[in-house]
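Trainee: I would like the entire structure built from these sequences, with the hints used as guidance.
Sequence order for the protein chains is U and C. Residue numbering for the first sequence follows the working numbering, beginning at 1 and increasing consecutively. Residue numbering for the second sequence follows the working numbering, beginning at 1 and increasing consecutively.
Hints are computed from structural coordinates only; laboratory data are not their basis. Possibly wrong hints are sitting among the right ones.
Unchecked claim - Dumping the calculated SDA-like pairs for lysine to any residue here, alpha-carbon to alpha-carbon at most 25 Å:
| id | chain 1 | residue 1 | chain 2 | residue 2 |
| --- | --- | --- | --- | --- |
| 1 | U | 64 | C | 78 |
| 2 | U | 64 | U | 111 |
| 3 | C | 64 | C | 126 |
| 4 | U | 64 | C | 47 |
| 5 | C | 64 | U | 77 |
| 6 | U | 64 | U | 182 |
| 7 | C | 64 | C | 151 |
| 8 | C | 64 | C | 219 |
| 9 | U | 64 | C | 199 |
| 10 | C | 64 | U | 52 |
| 11 | C | 64 | U | 111 |
| 12 | U | 64 | C | 54 |
| 13 | U | 64 | C | 53 |
| 14 | U | 64 | C | 81 |
| 15 | C | 64 | U | 79 |
| 16 | C | 64 | U | 256 |
| 17 | C | 64 | U | 64 |
| 18 | C | 64 | U | 237 |
| 19 | U | 64 | U | 218 |
| 20 | U | 64 | C | 77 |
| 21 | U | 64 | U | 237 |
Nothing here was measured: the structure is a model prediction, and the numbers come from that model.
2 protein chains.
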Amino acid sequence: MFAFDADTAVTAGPDGVSAAVLTDRWNGTAGAVNGGYMLATCLRALALSMPFPDPVVVSGFFLKPGSAGPASIRTSVIRRGRTTAFGESGLAQEGQEVVRATAAFARLGDDGLAFTDGAPPELPPPASCAGVPLESFGLATIASRIEFRAASLPGWFLGRPTGQPASSFWMRFTDGREPDLFCLPLLVDSIAPSVLELGAGSTTLQLTVHLRARPAPGWLACRALTRFVRGGYHEEDFEVWDSAGVLVAQSRQLALLVPR
Amino acid sequence: MFAFDADTAVTAGPDGVSAAVLTDRWNGTAGAVNGGYMLATCLRALALSMPFPDPVVVSGFFLKPGSAGPASIRTSVIRRGRTTAFGESGLAQEGQEVVRATAAFARLGDDGLAFTDGAPPELPPPASCAGVPLESFGLATIASRIEFRAASLPGWFLGRPTGQPASSFWMRFTDGREPDLFCLPLLVDSIAPSVLELGAGSTTLQLTVHLRARPAPGWLACRALTRFVRGGYHEEDFEVWDSAGVLVAQSRQLALLVPR
Chain U
1 MFAFDADTAV TAGPDGVSAA VLTDRWNGTA GAVNGGYMLA TCLRALALSM PFPDPVVVSG
61 FFLKPGSAGP ASIRTSVIRR GRTTAFGESG LAQEGQEVVR ATAAFARLGD DGLAFTDGAP
121 PELPPPASCA GVPLESFGLA TIASRIEFRA ASLPGWFLGR PTGQPASSFW MRFTDGREPD
181 LFCLPLLVDS IAPSVLELGA GSTTLQLTVH LRARPAPGWL ACRALTRFVR GGYHEEDFEV
241 WDSAGVLVAQ SRQLALLVPR
Chain C
1 MFAFDADTAV TAGPDGVSAA VLTDRWNGTA GAVNGGYMLA TCLRALALSM PFPDPVVVSG
61 FFLKPGSAGP ASIRTSVIRR GRTTAFGESG LAQEGQEVVR ATAAFARLGD DGLAFTDGAP
121 PELPPPASCA GVPLESFGLA TIASRIEFRA ASLPGWFLGR PTGQPASSFW MRFTDGREPD
181 LFCLPLLVDS IAPSVLELGA GSTTLQLTVH LRARPAPGWL ACRALTRFVR GGYHEEDFEV
241 WDSAGVLVAQ SRQLALLVPR
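Mentor: This is the structure in structure tokens:
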């Protein structure tokens, strides 16, 4: 079984409360469980009771840091419509809620009006790109699960922040798992924050992910971008394009700056 | 009292349930109550129990159309942190939930690291701009509450959709109410959808609003943009810049295309 599927597995229990075990294999640089990983786990718990197969939008609020260990996920169906169903979940550890996630599920198609203003980032082929050496990530075990390749190494990583909080890169699971809708909320939150290029650290407060199409197998081409930093907050936008050149996810988070 | 304040007023009741009366003064083109208006009302109900004054992010899911008339708003505090508090509210009419809103409140400042990649839209002064004639909006009573001025009238309005779902314009309340954080979730949802320029209509499924700074008095300069339409869904991004040239709100919604 692939790491993502094993580590986001949920067991349905009574009264709409599922059980999960968060692992330490998706930790960020601060050694805390990645927020996107917890959001993806919430989404899998919600999927147990949703009458449609595809999450189309999920909003997660990160209430406190999560940690490796058991978690309970309370889920409820808010409304079942004819084409869209809405659900909510709350992931708790040791009696305290850690993530509150709300989502809409439907059936994604690709018919009807289509319009695209944008294109995947222009990147050299993955084989010609640089990967960041794993050992440099210290506590960030997530770097062993998800592979990144970019045209050049990030400025912050080289000790020379560029002052430009924007980047583009390839991404895939290291164990060969192909992308699907359920892993996208993890992937959009899995890179080091763009504000590192401004010399700042960051912790996510809220993350909204739009799931726009089922991704084709292969490398994902991604863009991350922060445009506004002010009063201790910044947003971070993320786009994921699949190997067929289709935008499959768009996300935005509001995050708090933290000292480095 | 200004229309916005009167029409989003909430009365605290027992067990965290507030009472509100939605009016028909904020209807969109289809004659339904505007989603942003309901979201702003939820935010006012949440403010009653939040220990911090400023909403910094709110996510609303629109479960079914709202209508003019009484509404009950159930609110709960999800978590009170040291600097951030999280709350949830559900607005219901006739026993059915219409909007589920989750928000984080804090205290917005303007100190610390600042970075801006972007600028307000370049627009002629409001006095040199065109306003859309009110009577052309039919059922859209919201057009009497909020004034829009743009360098030229929208293509869809003139019967010639431009094929470009993007626009910029000035915005303010017609009755002279100055903008604050609480009205921004309404304002970002108050214009006709950008996909009208593609010949399509739209209904909002989910809306996330980041409140980034307390707006200065005066006209707000705004940008609306849809970049991706596919499989019956589109996103719409919205930026609001105040009269001091500060970005005060950034929003994104996921919406369903509807036939026109």
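Trainee: Against this structure, judge whether each hint is valid.
Mentor: We went through each hint and held it up to the structure:
1. Pair hint residue 64 of chain U plus residue 78 of chain C holds up; C-alpha atoms about 11 Å apart against a cutoff of 25 Å.
2. For the suggested pair residue 64 of chain U and residue 111 of chain U, the alpha carbons sit about 40 Å apart, so the restraint of at most 25 Å is broken.
3. This hinted pair does not check out: residue 64 of chain C and residue 126 of chain C have alpha carbons roughly 36 Å apart, beyond 25 Å.
4. At roughly 21 Å between alpha-carbon atoms, residue 64 of chain U and residue 47 of chain C fall within 25 Å of each other, so this suggested pair holds.
5. Distance hint between residue 64 of chain C and residue 77 of chain U is fulfilled; the C-alpha atoms sit about 14 Å from each other, no more than 25 Å.
6. Only pairs whose Cα atoms come within 25 Å are accepted, and residue 64 of chain U paired with residue 182 of chain U is accepted, the gap being roughly 23 Å.
7. Restraint check for residue 64 of chain C and residue 151 of chain C: not satisfied, since their Cα atoms lie roughly 35 Å apart, outside the 25 Å limit.
8. A threshold of 25 Å between alpha carbons decides the hint, and for residue 64 of chain C with residue 219 of chain C the separation of about 32 Å lies outside it, so the pair is violated.
9. With a C-alpha separation of about 44 Å, the suggested pairing of residue 64 of chain U with residue 199 of chain C is violated against the 25 Å cut-off.
10. Taking the CA atoms of residue 64 of chain C and residue 52 of chain U, the gap is near 17 Å; set against the 25 Å cutoff, the hint holds.
11. Proximity of residue 64 of chain C to residue 111 of chain U is assessed by CA-CA distance (about 24 Å); at most 25 Å being required, the pair is judged to hold.
12. A threshold of 25 Å between alpha carbons decides the hint, and for residue 64 of chain U with residue 54 of chain C the separation of about 19 Å falls inside it, so the pair holds.
13. With a C-alpha separation of about 20 Å, the suggested pair residue 64 of chain U and residue 53 of chain C falls inside the 25 Å cut-off, and the hint holds.
14. Pair hint residue 64 of chain U plus residue 81 of chain C holds up; C-alpha atoms about 8 Å apart against a cutoff of 25 Å.
15. Simply put, residue 64 of chain C and residue 79 of chain U have alpha-carbon atoms about 9 Å apart, close enough for the 25 Å limit, and the pair holds.
16. In summary, the hint linking residue 64 of chain C to residue 256 of chain U is not supported, as the alpha carbons are separated by about 33 Å, beyond the 25 Å threshold.
17. About 31 Å separates the Cα atoms of residue 64 of chain C and residue 64 of chain U, which puts this hinted pair outside 25 Å; it is violated.
18. The suggested pairing of residue 64 of chain C with residue 237 of chain U is violated, with an alpha-carbon distance near 28 Å, which exceeds 25 Å.
19. Restraint check for residue 64 of chain U and residue 218 of chain U: not satisfied, since their Cα atoms lie roughly 34 Å apart, outside the 25 Å limit.
20. Taking the CA atoms of residue 64 of chain U and residue 77 of chain C, the gap is about 14 Å. The hint holds against a cut of 25 Å.
21. In summary, the hint linking residue 64 of chain U to residue 237 of chain U is supported, as the alpha carbons are separated by about 22 Å, within the 25 Å threshold.
The structure fails to meet hints 2, 3, 7, 8, 9, 16, 17, 18 and 19 from the earlier list, while all remaining hints are met.
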